[in-house]
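Colleague: Each chain is listed here by its residues.
2 protein chains.
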Amino acid sequence: MMSRRFGYELKATSGGARLGQVTTPRGVIRTPAFMPVGTAATVKALYPDQVRDAGADVILANTYHLMLRPGPERMARLGGLHDFMRWDGPILTDSGGFQVMSLAGLRKISEKGVSFRSHIDGSAHLLTPKRSIEIQCLLGSDIQMQFDECTPFPATRDEASASMELSLRWAERSKAAFTRLAGDGQALFGIVQGGIHQDLRARSAAALVAMDFSGYSIGGLAVGEGQARMLATLAQTTPLLPADKPRYLMGVGTPLDLIESVARGVDMFDCVMPTRSGRHGQAFTWDGKINLKNARFADDPAPLAAASNCPAARDYSRAYLNHLVKCGELLGAMLISWANIAFYQELMAAMRAAIHEDRFADFAAETKARLQGA
Amino acid sequence: MMSRRFGYELKATSGGARLGQVTTPRGVIRTPAFMPVGTAATVKALYPDQVRDAGADVILANTYHLMLRPGPERMARLGGLHDFMRWDGPILTDSGGFQVMSLAGLRKISEKGVSFRSHIDGSAHLLTPKRSIEIQCLLGSDIQMQFDECTPFPATRDEASASMELSLRWAERSKAAFTRLAGDGQALFGIVQGGIHQDLRARSAAALVAMDFSGYSIGGLAVGEGQARMLATLAQTTPLLPADKPRYLMGVGTPLDLIESVARGVDMFDCVMPTRSGRHGQAFTWDGKINLKNARFADDPAPLAAASNCPAARDYSRAYLNHLVKCGELLGAMLISWANIAFYQELMAAMRAAIHEDRFADFAAETKARLQGA
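From first to last, the protein sequence lines are chains Z and G. Quick note on my numbering: the first sequence kicks off at 11 and runs consecutively. Quick note on my numbering: the second sequence kicks off at 11 and runs consecutively.
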């Protein structure tokens, strides 16, 4: 019988890389894990069974988009997000914070929360720590995020500090709301902020750990600081987090980002890159990213990846994909998005295998060389 | 073993409706048949196995689009259209004539053929009866169409007559090219023209039958003349065609058009309607066509058709489809196009069953009432 509790088990390490398992009432998440992004209750251009068959254990959905359409109360009346979109595995939701912050000119931040206008119809909304958690509970999210402010880059040290302290106060209020509203087995993650400032990250991590969350997200990275600063910040931050809780790096990233971040102790990721690239004709392969619009593929009978288990990567020629993309055919976006989600899952599975066999450093070096066309 | 020859067998009739079977080297086509349209080597927004599983035995592809992209010589080098798009069943191609005629201002008709400029890049092309057949053979089409002029509506009697006579001369030249170029089991259909003029249709049919084609298409209908004139013309035309050859009504139509045309002895149809409507949020059901954008579906937990074998029609709520369509999500177009193709196939299967049981008139009356919400 499936456990009604949320949990994390660390199974093996290889250098800094961690092999583990997150348990939720809706199923197990093998970590390191990549979560396909289902912004508006759909992983764009994929059927839910394709996402599952590609190897994804968990998907992410966006509170901001779902609070506007179809609306959290309607979603709850319809039986919750899982039934609505026909995904019966775990779902992680963000808090909505990141996306309302991005509404430059349409939002105002105060101690209370963020007031903003919808990008769709201009209607006025207020998102607070309590309302964010309330919405995530109405959606039926398995893994919820505290409401936070994603500190922009660049920011002065004072700005980064004030922003991080605000997120800590919102963490307290998020946790209080979650404790009141959430059901058995649902989990809440705190989000470490602090920009690229090591002491601020340390202060944030320590305060959050003291509040005792089910897992810890690392926010405010991959926002323009560059890969070197991101990895340096990660390397300083993950050791401050408890080994017996999962760590989630938000909004990351490229295949190389994933490998480097796993090497620094990250367990969970999400990113729109595989699906967004898929809609623009760009495919991820073990030999790097290719643009299928390129004329050199027009006569290429080879598939994206003959050895893949994904029909989209295995069964259709690059010539056909080139044709579909050039014609603007939906099937082009469908096939390449599917192949990209499958590639990301293959990459995670390969990393898990390498950690299990304690050869992660070798795997990372070989794979990075191959991905860069060396 | 599959026959290497093309053939048609009339199995039963019910009133004017015919139950039959077209045999091709790539498989059998149960008639009356609806052919999903795969314009540019893809039935828009569907995977090939979804088209097959929905019950389609045959699809249509467009010579005009494929001659421009990816080009017929390239397609032949890549192994032909079937391999290219991963459809191993029969494929019927049009001649390209209809679509080049539609290029108002970009094309010029002469006895020789049609010279035109590509709608994509303005490049100059010439399509003749011989070149049309050559292209259809390069694509590897199983059922090919003679090159013809689709007489527009309205047209004077003289215009309709001259156009029909031109199509007859092109039929001779198409057949000569086909005899030289086509392989075992490939078939060529003549196309009956003549507008809404009964004597012209009779002249066209008699001349084509004398040339002895493998099947007969009825062209130049559903071009603005209205359903009543279309059905009257059909009723006068099908009796002029041999009973032992299939009859294909080009570019038709709505569910009601299909029922009325089957009643008048038509065996094969194609139309973009199910997929085009699907991309615009309109779904076909046994109780008529519905617009899923409509706000009344936002809270509707019912699927499009609980009794359908098609997952798109059976498993997703109207509320979810409404949400996807409102958000412009690709999955909305994917699911509704799929459900529509499945509905069209269910309709054809139901008509075949009704003919088999010799109750087509009753079936037609009941179904028409239901489709119209009576």
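Take the hints with a grain of salt, since some may be wrong.
[Unchecked claim] Dumping the calculated DMTMM-like pairs for lysine to aspartate or glutamate here, alpha-carbon to alpha-carbon at most 25 Å:
1. Z:Lys-336 with G:Asp-131
2. G:Lys-336 with Z:Asp-368
3. G:Lys-303 with Z:Asp-63
4. G:Lys-336 with Z:Asp-93
5. Z:Lys-336 with G:Glu-169
6. Z:Lys-336 with G:Asp-59
7. G:Lys-336 with Z:Glu-169
8. Z:Lys-303 with G:Glu-339
9. G:Lys-122 with G:Asp-93
10. G:Lys-303 with Z:Asp-93
11. G:Lys-303 with Z:Glu-169
Because the hints were derived from the structure by calculation, they are not lab data.
Colleague: Is the Cα-Cα distance between Lys-122 of chain G and Asp-93 of chain G 25 Å or less?
Modeller: 33 Å, violated
Colleague: Do the alpha carbons of Lys-336 of chain Z and Glu-169 of chain G lie within 25 Å of each other, as the hint requires?
Modeller: Between Lys-336 of chain Z and Glu-169 of chain G the Cα gap is close to 39 Å, so the pair fails against 25 Å, i.e. violated.
Colleague: Does the structure keep Lys-336 of chain G and Asp-368 of chain Z at a Cα separation of 25 Å or less?
Modeller: 48 Å, violated
Colleague: Mind checking the alpha carbons of Lys-336 of chain G and Glu-169 of chain Z for me, to see if they're no more than 25 Å apart?
Modeller: With a Cα-Cα distance of about 39 Å, the restraint between Lys-336 of chain G and Glu-169 of chain Z is violated, given a limit of 25 Å.
Colleague: Mind checking the alpha carbons of Lys-303 of chain Z and Glu-339 of chain G for me, to see if they're no more than 25 Å apart?
Modeller: Between Lys-303 of chain Z and Glu-339 of chain G the Cα gap is close to 23 Å, so the pair holds against 25 Å.
Colleague: Run the distance test for Lys-303 of chain G versus Asp-63 of chain Z: straight-line Cα separation, threshold 25 Å.
Modeller: 30 Å, violated
Colleague: Holds or violated: Lys-336 of chain Z and Asp-59 of chain G, Cα atoms, limit 25 Å.
Modeller: It holds: about 23 Å lies between the C-alpha atoms, which stays within 25 Å.
Colleague: Are the Cα atoms of Lys-336 of chain G and Asp-93 of chain Z separated by 25 Å or less?
Modeller: 19 Å, holds
Colleague: Would the hint linking Lys-303 of chain G and Glu-169 of chain Z be met if the CA-CA limit is 25 Å?
Modeller: This hinted pair is violated, its Cα atoms lying about 45 Å apart.
Colleague: Given the proposed pairing of Lys-303 of chain G with Asp-93 of chain Z, does the C-alpha separation stay at or below 25 Å?
Modeller: OK: Lys-303 of chain G and Asp-93 of chain Z at ~20 Å, within 25 Å.
Colleague: Would you mind confirming whether the straight-line C-alpha gap from Lys-336 of chain Z to Asp-131 of chain G stays at or under 25 Å?
Modeller: 13 Å, holds
Going down the numbered hints, you'll see the structure goes against 2, 3, 5, 7, 9 and 11, while the others check out.
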